[in-house]
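Given chain A, put chain B in place with the hints provided.
Each protein sequence line maps, in turn, to chains A and B.
If you read the first sequence in my numbering, its first letter stands for residue 1, the second for the next number, and so on.
If you read the second sequence in my numbering, its first letter stands for residue 1001, the second for the next number, and so on.
Be aware that one or more of the hints could be misleading.
[What the hints assert, rightly or not] Below 27 Å or equal to it, Euclidean Cα-Cα: the simulated BS3-like pairs (lysine-lysine) are: (1) Lys35(A) to Lys1150(B); (2) Lys1035(B) to Lys150(A); (3) Lys245(A) to Lys143(A); (4) Lys1258(B) to Lys256(A); (5) Lys259(A) to Lys1035(B); (6) Lys245(A) to Lys1035(B); (7) Lys20(A) to Lys1258(B); (8) Lys133(A) to Lys1040(B).
Don't read these hints as lab results, they were simulated from the structure.
Okay, here's what each chain looks like letter by letter:
Protein chains: 2
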Amino acid sequence: MAKKQKYLVAPNPKNKFLTKSISGYDENNKKITTKVIKEKSLTIFLNDQEIVTLMSIGDHPKYLAIGYLLNQNMLKNNDIIKKVEFDNDIDVIVVRTKRKTNYEKKLQKKIRTSGCAVGTVFGDIFDEVKKKKLNSQKKIKHKWIYEISKKINLTPSLYLEAGAVHGCAIIINNNPIIYMEDVGRHNAVDKIAGYMFLKKINPTNKIFYTTGRLTSEMIIKTIKIGVPILISRSGFTSWGAELAKDSNLTLIGRAKGKKYIVLSGEQRIDYK
Amino acid sequence: MAKKQKYLVAPNPKNKFLTKSISGYDENNKKITTKVIKEKSLTIFLNDQEIVTLMSIGDHPKYLAIGYLLNQNMLKNNDIIKKVEFDNDIDVIVVRTKRKTNYEKKLQKKIRTSGCAVGTVFGDIFDEVKKKKLNSQKKIKHKWIYEISKKINLTPSLYLEAGAVHGCAIIINNNPIIYMEDVGRHNAVDKIAGYMFLKKINPTNKIFYTTGRLTSEMIIKTIKIGVPILISRSGFTSWGAELAKDSNLTLIGRAKGKKYIVLSGEQRIDYK
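Extracted from the complex, chain A is given alone in its bound form:
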């Protein structure tokens, strides 16, 4: 049995900047107070260029900005980050790199992609992901799959406190070590990507867990991060499953209770 790891990062449901108490009524017309998630905007600059404004719960702006830029191929794995400046009053974060950057053309092209399920991924990222093969020999034990779900569900979280967020986690064996939440599941995975990049965490022996659905964009981000095993309690899309097969990603979905379905990379599952 693997040694138990503590969380490096975990949700902070007691952070008063992340939730708000609102009064309302329950099903018996009784006045109640309930906690809801706060959304706030974050505008990301890369050097002198405004890249995007996104809505986030507002924690970890640095990891979110860097993960977002990595997952858009605007930051490269060998980029040297000189400085990250966050201005809390105007919700702006500026990432400064040694390399000079100009993504005007890419931003022009971005006009044309939108939507919730898939939308912020460019052609060059598809090309990169299609070439990438995850060749990690990492195995996942059958029982870890439900142990992981259970541990994440029992960890104090904004989801348990206020609902309306998605969560993503990085796991060693059956121990979650990084757990991030956000209103958008893509923000949550971007924060994880940013954290792993800055802390130089090796992805090849880790497992990735998401509460969100396994759409193509989620698969692409997992492959880009380089984690060989992806678990979700939610379902699949056919394009996501194809991308996972092409890249040899172990794709485990509909993981609820003791049930799950594997659509790709089943050789990494140790059923004993």
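Just chain B, lined up with the frame of chain A:
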């Protein structure tokens, strides 16, 4: 008791273009075949201008395109639609209006908004929604709230067939009459908006149900459509709740079993 209405539009889980059978393994390492959702792209043109490419399940492209354009304020309620041309081979749809349109500047601005939870809403839409007050006297009976959830859950759907989609419905009293699904919850609400616009359906005496979370963008779209009551089984964000209060939208969330919470417009609920 209201007369029972049949669906005007309902999911078609047997449509073979919407799902795909994929082989995989279950938790006992037994080979299985499962259905998953197909994603496909749809590029929307308004007259001679390319507006967006989004990922959708691919049904109802016409309603999706028109609803998307309405919810982006690129189509106005009094616009005359001359023609809608859909090319199935290249997944392109062109909406032609009598009014000449040019949204170059708006598309430029769009570069800067992204993300899953909120992202495709512009400043002018916020301004419009902030001014709008829903003054419908429509009431919803306490028991309708769970009757509606139950009816929608029991309707044959892509969700029951393959998972990984969100659903939205328009309801008269306790009878769902329009039910659309998509990989993105925003596509589902856009399709409903397009359908209601084209079929000239009065929104003021209807109820809107979504399986998705009640984020600001979902609230904004409901207010724009003009439906006075919004129900979700999912949770709230604080900004969404504020927008609902400002516009006098009845906002009912966390509707599961016989429980629910109302954060705004509780005068429309008949608790008897």
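A quick look at each hint next to the structure:
{"no.": "1", "hint": "Lys35(A) to Lys1150(B)", "in the structure": "holds, 26 Å"}
{"no.": "2", "hint": "Lys1035(B) to Lys150(A)", "in the structure": "holds, 26 Å"}
{"no.": "3", "hint": "Lys245(A) to Lys143(A)", "in the structure": "holds, 23 Å"}
{"no.": "4", "hint": "Lys1258(B) to Lys256(A)", "in the structure": "holds, 23 Å"}
{"no.": "5", "hint": "Lys259(A) to Lys1035(B)", "in the structure": "holds, 16 Å"}
{"no.": "6", "hint": "Lys245(A) to Lys1035(B)", "in the structure": "holds, 16 Å"}
{"no.": "7", "hint": "Lys20(A) to Lys1258(B)", "in the structure": "holds, 25 Å"}
{"no.": "8", "hint": "Lys133(A) to Lys1040(B)", "in the structure": "holds, 24 Å"}
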